[in-house]
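Enquirer: Residue numbering for the sequence shown follows this note's numbering, starting at 1 and increasing by one per position.
Don't read these hints as lab results, they were simulated from the structure.
Where hints are given, some of them may not hold.
No farther apart than 30 Å at their CA atoms in a straight line, the calculated lysine-lysine pairs in the DSBU-like style are these [claimed, not checked]:
1. K99 <-> K486
2. K356 <-> K404
3. K134 <-> K153
4. K185 <-> K404
5. K279 <-> K319
6. K361 <-> K134
7. K134 <-> K79
8. K356 <-> K234
9. K145 <-> K282
10. K234 <-> K282
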Amino acid sequence: MALTPCSSASFINKKERKNYRTHDDISSMICFAKMSPPSCNLKAKSSNQEVQFLNPTMEEKEKFHMLTSSTHSNNSSTKVPVFVMLPLDTISIGGNMNKPRAMNASLMALKSAGVEGVMVDCWWGLVEKDGPLKYNWEGYDELVKMVQANGLKLQVVMSFHQCGGNVGDSCSIPLPPWVLEEISKNPDLVYTDRSGRRNPEYISLGCDQLPVLRGRTPIQVYTDYMRSFRERFKNYLGDVIVEIQVGMGPCGELRYPSYPESNGTWRFPGIGEFQCYDKYMKASLAASADAMGNELWGRGGPHDSGHYNQFPEETGFFKKDGTWNSEYGQFFLEWYSRKLLEHGDNILASAEGIFKGTGCKLSGKVAGIHWHYNTRSHAAELTAGYYNTRNRDGYLPIARMFAKRGVVFNFTCMEMRDGEQPHSANCSPEGLVRQVKNATRDVGVELAGENALERYDGGGYAQVLNTSRADSGNGLSAFTYLRLNKRLFEPDNWRNLVEFVKNMSEGGNTRLPECDSSRADLYVRFVKQSHAKKTAEVAVV
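Make a model of the complete structure from these sequences and hints.
Expert: Printed below as a string of structure tokens:
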């Protein structure tokens, strides 16, 4: 998830019980406070000043990858199902469902709103925490049955990453203890930056094929985990469980952890840092350089790529005519991005073999790294592993790999507009989304979307409706809304969600008011969230 705040819901604090009533049984028992229409301001305000919406010239559009399509798909009126992400801590550390009674009430409310289903993270750190091959699916089994009872569908994320340390992470779920024990013995199992800082979010792809986890390779561990899930939930696959999203990196995204927020390491809109300094990645780089006949290129990553919170022009590597565009720069970036593609392909190949014939879709998530997009080097994308520059399309290779495996391309920042971003960060979420829509259309891979930041206002929903259409590249096959929490049930927010779901079910042909009634976060650290004015009443007898 790009910049993806994930605030967990604090559900109703009442005594829980195991008797769940279905939506039809007690739909009348869920009521919301009276809703009044939001006031619509056609100006979005930052924390300090009004933001002017940009209207770039055609020359600027061509210059900055803001591509348009000469052909149009005919699926602009196709229904786009909406899913809602569940809280990060839906399943407790003990492996049980958190506050099941309140969860059941929330699911009934979502069903009444016309939502297709929900998404949940299946945390590796919870399921296999008791030891290798010792899986505890009990909490997830309870959730699947509850989702089925409410007539909803379920998207399940195979979350092989740590929860905690990224934008909006509201709880901490580390990797399994036995994995952390192996990391303590061999710190090179995790990604490492140039200064030697280790990142425990995810196992380094450099050791994908090495038996470093008590006799198994990381790919084998992920494969065994997915196979165990399939066996436990085989009776629900393709019916209740309709999609498996395969985690391939931090935040479940196919990328390197180049912009970690933990301990203040990175702040938006810093360029991030390359993550190729564990011994396995260094060995791979050295081997690639030797194969090219240039041993010097394999002695480490770029020496002039700067630090996490710098801007491109402050570095020798990423500046306008920097090293990124040299022969060495092209060699390094091709190696760095190729390793990421190989990692994704290896995991997706395993997932394809496991879930083939079950009726479940497979999906993979790619981060919406929109800052410094309007520069030549696209520095923040490069450090994350996406070799996307002014002269090179970095999303076509990913789309081709997904297409080969029959995997849905899931992309974030669908709700963002260029004019909402800080001018100094050279952002263009709209240009980035347009590029991804064109890339997925060109290779014939299905595209789904998410919002990167919490948005509750009509303006955010209106932008999703716009991007869901196929009139500028690939239309969306589904949209997953971030995230279920108490704030979503505030009257104006709930009204906006219901209207949004209705419009998406009609193919996005009805436009919502393009207003920001909630003054929601427009970009990280730049806009303050509004205080909640009202609380929705959810009454379950």
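Enquirer: Could you run down the list of hints and mark each one as holding or not?
Expert: A quick look at each hint next to the structure:
1. K99 <-> K486: 13 Å, holds
2. K356 <-> K404: 14 Å, holds
3. K134 <-> K153: This hinted pair holds, its Cα atoms lying about 27 Å apart.
4. K185 <-> K404: Violated, at about 37 Å.
5. K279 <-> K319: Answer holds: K279 to K319 is near 28 Å, not above 30 Å.
6. K361 <-> K134: 26 Å, holds
7. K134 <-> K79: The given pair, whose Cα atoms are some 41 Å apart, is violated under the 30 Å limit.
8. K356 <-> K234: The given pair, whose Cα atoms are some 12 Å apart, holds under the 30 Å limit.
9. K145 <-> K282: Cα-Cα ~46 Å, so violated.
10. K234 <-> K282: The hint is violated at about 41 Å.
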